[in-house]
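Visitor: Each chain, written out:
Number of protein chains: 2
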Amino acid sequence: MRYAVTRRNLLLILTLVLLTASLDVRLRGGTQEGLLDLVDVKGNIRKPPEYRDRYRVLGAYMVLDPTSMVADVPKSNADEVHYTYATPGTAEFYRKNRRFADGTVLVKEVLSTSHAQLTTGDAHWATETKVWFVMIKDDKNRFPDNPLWGDGWGWALFKSDAPDKQVATNYRKDCLGCHLPAKGTDWIYVQGYPVLGAR
Amino acid sequence: MRYAVTRRNLLLILTLVLLTASLDVRLRGGTQEGLLDLVDVKGNIRKPPEYRDRYRVLGAYMVLDPTSMVADVPKSNADEVHYTYATPGTAEFYRKNRRFADGTVLVKEVLSTSHAQLTTGDAHWATETKVWFVMIKDDKNRFPDNPLWGDGWGWALFKSDAPDKQVATNYRKDCLGCHLPAKGTDWIYVQGYPVLGAR
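Quick note, the sequences are listed as chains A and B, same order.
Per the numbering used here: the first sequence ends with 199, consecutive numbering throughout.
Per the numbering used here: the second sequence ends with 199, consecutive numbering throughout.
Misleading hints may appear alongside valid ones.
Which copy is meant is left open, because identical chains are indistinguishable; a pair holds if it fits in one copy or across any two.
[As the list claims (entries may be wrong)] Taking lysine-lysine and the DSSO-like style, the derived pairs with C-alpha atoms no more than 27 Å apart in a straight line are: (1) 130 <-> 96; (2) 96 <-> 108; (3) 42 <-> 96; (4) 165 <-> 47; (5) 42 <-> 140.
It should be emphasised that the hints constitute simulated quantities derived from the structure, not laboratory data.
Since the structure is predicted, the reported quantities are computational estimates derived from the model, not experimental observations.
Using the sequences plus the hints, can you model the full thing?
Guide: What follows is the structure in structure tokens.
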């Protein structure tokens, strides 16, 4: 038995296959995803939706006796945990190239903690998110007139009272100070992220 | 113009499409991956290769003044960080069903730490892995005669002096004691894993 397939139908099938593959790439994320989906033409930055499922954890810092990083977020009495999430593929690219790919998106959560004496010792863990920092790697200086872009990154800040509202106004004033000790590693505290190291 | 496609060729095309889809599922991991790839017919458990890239971080604990969890690993003078990785989809399934899917694989790393006074406070981060704990969810009591399987899980232990050698002999003796406080949540310290919570 033989089926007759017209050129039009063959093209339709090929188109569907390609669309499916492209959708799959989108769903899995990619380094360009940040720039396409999270940044508008003026350089305004959105917080990536569902990053906890769609991104990958690079690592966590535990900060004892933390200072207040953001002017009107009161100094915490408790310790903090910071989790950093990155677009899929970030670690693999970094291990190979020792740098972040253009378009890489990083989300750093600052969380409150609880702790208890468990079987392993005095165990501390993260609870509620207080603040989100978002950074988007920009090799091309895409928004030279936007004060949230510079030094190779777009910079953004979101707080738990309005989690979707970007509130930084100038990355030099609002962000860069805390990153100065990490200037030599492109402003990122890479030493705390085990997946970025050689293994 | 018309192409003639035999039934055999059509079947070949369909088979290739299905194989590609199946390969994709394998590469992304899935809840059955652990049982297929990591466990032999007797229930011996391998440490999942490349879990840092292929699995997802559920969360991290910082343990201050840790006790020694494993008999011949000396008590550390320094603090520890524990990272837990899980097969892809674990968190999504858990949020929906409040339980771990059959076949879920968890890898808990116990790491040494460094710390420094950084701009945020006294920051601690993970360095070298000392020990790995691997657990594989087993709803079906697959290996009733293997002393590393029971209470709904397969249990395994690997140490940094021989990272691929499973060294636990009996989960009741080697593993369960430390998990007693988490018995009510299927032996897992779920409170420390933000992605498992409602959001």
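Visitor: Please go over all the hints and tell whether each is borne out by the structure.
Guide: Hints versus structure:
In this homomeric assembly, residue 130 and residue 96 come within 27 Å of each other (Cα to Cα) only across copies, at 25 Å, whereas the closest approach inside a single copy is 33 Å. Taking CA atoms no more than 27 Å apart as the test, residue 96 paired with residue 108 passes in both settings, with 23 Å inside one copy and 25 Å between copies. With identical chains, the CA atoms of residue 42 and residue 96 are never at most 27 Å apart, being 32 Å at best within one copy and 38 Å at best between copies. With identical chains, the CA atoms of residue 165 and residue 47 are at most 27 Å apart within one copy only, with a shortest distance of 8 Å there and 42 Å across copies.
In this assembly of identical chains, residue 42 and residue 140 lie within 27 Å of each other by CA distance solely inside one copy; the values are 15 Å within and 55 Å between copies.
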